[in-house]
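With the hints as extra help, turn the sequences into a complete structure.
Chain by chain, the residues run as shown.
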Amino acid sequence: MTDAAMPPAAAAGPSRKPKKSLHVLDDNTRRRNGAERRFRILGGCAVGTGVLALVVLLISILSAGLPSFQQTFLKAEIYLDPAVLDPSGERDPEAISKILTFSYSPMIKGSLTALAEELEAQGAENLTPKMLADMVSGAANAKLRDYVIANPDEIGKTVEFEFLTNARIDQYLKGKVTRESAALDSRVDVAQLNAADELVASGAMEKRFNWDFITAPDASENRPEAAGLGVALLGSLYMMLIVLCLALPIGVAASIYLEEFARKNFLTDVIEVNISNLAAVPSIVFGILGLAIFINMMHLPNSAPIVGGLVLTLMTLPTIIIATRASLKAVPPSIRDAALGVGASKMQAVFHHVLPLAAPGILTGTILGLAQALGETAPLLLIGMVAFVRDYPDAPPGGLFEPATGLPVQVYNFTQRADPAFVERASGAIIVLLVFLVIMNLVAIILRRRFERRW
Amino acid sequence: MNLETSEMYDHNQAKAVVEHDVKFQCEGVDVYYGESHAIKDVSVDLLDKTVTAFIGPSGCGKSTFLRCLNRMNDTIDICRVTGSLKLDSEDIYDRKVDPVQLRARVGMVFQKPNPFPKSIFDNVAYGPRIHGLTSKKSELEEIVEKSLRKAAIWNEVKDRLHAPGTGLSGGQQQRLCIARAIGPPPRCC
Chain A
1085 MTDAAMPPAA AAGPSRKPKK SLHVLDDNTR RRNGAERRFR ILGGCAVGTG
1135 VLALVVLLIS ILSAGLPSFQ QTFLKAEIYL DPAVLDPSGE RDPEAISKIL
1185 TFSYSPMIKG SLTALAEELE AQGAENLTPK MLADMVSGAA NAKLRDYVIA
1235 NPDEIGKTVE FEFLTNARID QYLKGKVTRE SAALDSRVDV AQLNAADELV
1285 ASGAMEKRFN WDFITAPDAS ENRPEAAGLG VALLGSLYMM LIVLCLALPI
1335 GVAASIYLEE FARKNFLTDV IEVNISNLAA VPSIVFGILG LAIFINMMHL
1385 PNSAPIVGGL VLTLMTLPTI IIATRASLKA VPPSIRDAAL GVGASKMQAV
1435 FHHVLPLAAP GILTGTILGL AQALGETAPL LLIGMVAFVR DYPDAPPGGL
1485 FEPATGLPVQ VYNFTQRADP AFVERASGAI IVLLVFLVIM NLVAIILRRR
1535 FERRW
Chain B
154 MNLETSEMYD HNQAKAVVEH DVKFQCEGVD VYYGESHAIK DVSVDLLDKT
204 VTAFIGPSGC GKSTFLRCLN RMNDTIDICR VTGSLKLDSE DIYDRKVDPV
254 QLRARVGMVF QKPNPFPKSI FDNVAYGPRI HGLTSKKSEL EEIVEKSLRK
304 AAIWNEVKDR LHAPGTGLSG GQQQRLCIAR AIGPPPRCC
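Going down the list, the sequences are from chains A and B.
Letter 363 of the first sequence, counting from 1, is numbered 1447 in the working numbering, and no numbers are missing.
Letter 180 of the second sequence, counting from 1, is numbered 333 in the working numbering, and no numbers are missing.
Since the hints were derived computationally from the structure, they do not count as laboratory data.
Every residue gets a Cβ at the ideal spot worked out from N, C-alpha and C, and that includes glycine.
Honestly, I wouldn't trust all of these hints.
To be verified - Over 12 Å on every C-beta distance to chain A, these chain B residues come out as not near it, computed from the model: (1) Tyr186; (2) Ser211; (3) Ser242; (4) Arg302.
To be verified - Derived PhoX-like pairs (lysine-lysine); straight-line CA-CA distance at most 20 Å: (5) A/Lys1182 <-> A/Lys1227; (6) B/Lys290 <-> B/Lys311; (7) A/Lys1430 <-> B/Lys193; (8) A/Lys1159 <-> A/Lys1241; (9) B/Lys239 <-> B/Lys193; (10) A/Lys1430 <-> B/Lys271.
Right under this line is the structure:
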C-alpha cells in the first residue's frame, strides 16, 4: 500500500475512506492472480494428458489381452485304452511315459467320431468326424498324454476330456475370426465355423478360464492356443531373486560406506560421478558386458537365469545406490550428532538410528530398481534368454543354471510371430507383467507406510 | 574419575563443596574450519562439580569450543583443532584416545533439541544400553527415572514413557536430551 503518499490528516480520521479499497483488486494483484490461474490450467492439462495416455494404454492392452486368459475347449468322452497306454498293466509311470503322443491319435479320433455321431443323432447337420479332428489343436495329444501320466489310475476308464481347439476356432468364438476372413484363410473354412456354432449350441464347446496360459511353457509357431508363460514367469522370478539377493546388500553396503564412512576426496568424487553415469548407461551395454564376461570369460551357461540375474544386478546397482545415498543424506545430521554425543560409535549411530530412518527410501529405491529390472528386455536378448525354451528350469539353486526366458522377452517373442492369435497372447503377457509391476509398487508403498517415522 | 552426577545437579550440595578441582584444562586452543580460523587461542580451566556458562554474541564460537571438549568436531572433515585440552590432566586429543570412549564420559546437549524418533524411554535408555551398564530391565528403568528426574521432566512424562520423544514440546524435548546425556555412566555434561 502507498501509505507514505497519504496526507497525514486523512490517516488520522477514525472512519476515513481508504484511498485504495481492499474490495477492488489492484493491477498487480490481478496480474499475479491471472498468472496463477494460467499455471493451474496448464498443470491440469498436463496431468490430464498423462492420465488420458495411461487410460488409453490400459484400455488397449486390456481389450487386446484379457481374452487370452480364456481358451476354447471341446468336451468329449474318451476311452483310455489300456492295451495301448499300458500294455504291461502295471501302471508303471515310467512305462506310461514311454508311450508317445503319436499313439494317442487313434483314441482321440475314435472319441471325436463318437461325439460327431452323437450330435448328428441330435440333429446337427454339418458335422463330420474329420472336421472335428481338424478343429482340435495339434497340442491335444500332448495334453492328453500329460493328463494320463499325471492320473495313471484313469487308464481303462472312459473320462470326459477337454480338448484344446485350434487358435482359429478359439478366435472365432472371441469374435476375431469372421466368415469373411475365414474365406481367405487356409487354416480354417466356413464349414468349420458353422460346425463350431452347432457345437457351442449343443454345449460341447465352450470358453473357460485357462490356467495353462500362465503356467504352460511356450508353444511352437503353429500352436498359439497352447502357448503359455510358465517358463518366462519362472525365469523372471529367478532373476528377481538373484537381483534382490545381490543388489540390495551390495548396494546398501556401498552407499553406507560412501555416505557415512568414506572421506571426501578425489577418489570418492570419481566413484560418485561414475555411479551416476552408470545409471544412465543403456541397458543393452550391460547385456554386451554380460555376454563378454559371464558367458565368454566365466563360461556360465547361455540363456540361464543366473547370467540374466547378474547382468540385471549390475544394471540395478546404480539405481539402488543413488536412492540409498539420497535417503541417507535426507536423515538430519542432528540425529547422528545425538547418537555420537551419547557415546555411540559411528557404526552404532548408523545402524541404530540413521539406517532405520532411511529404510523407507531404501526400500522404495530397491523395489523401483527391481521393477525396472523385471521389465528389462535388451540385455536378456544378448545373453540368449530369447531362446525358445519348453522345459521348466528346476528349483533353485540348480535351476538357476538351466535355460529359461523372461516375461518381457516372452512378450517380444510373441510379437515376432506371424500367427495373428499371438497378438492376443502378447497383450496377455503384458497384462501379467503389469500385474507383477503393480504388485511390487504396492509392496513398496505399504513398506514405506509401515517404516515411515516422523522426526 | 567418575563424577557423582547427583551432586552435580543438587544445588544445595554443590554449594557445600568448597574446593573445586580443575576438570578440564584448556590452553591455547585454536580451531580452524578449512581456511577460516574460528577460535583463536582460548585458554580456560573448567572446574569439577560446577556449572560453567559461556556467554557471547552469535557465531563467536561458543558451540565450536564446546564441541572440542568431546571431540564432536572430529565428525567434520575440514575441522582442525590445535592446542592442549586436558581432561583430568590427560590430553583428549592424544593419538591413543578413542573419541567414542571420550564421549561416553563427556556428554553433550546440542543447541537444537534432537531427540531420537523413538519413545521417551528408549531415548534415555539408549546410552546405558550401548554402554552395557545394565542388562536388567528394572535397573534400566531406575536409571531412566533418575535421569528424567534430574532433568526435571519426570513429572511431565512419567505417564507416557512409551510415547514418541518427538511428540514433546520444544522445551520438553531439550530437557529430554539433557536426561539422555546424563543417562550413561556418571560424567561431565
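Any of the earlier hints contradicted here, and which numbers?
Those not satisfied come down to hint 7.
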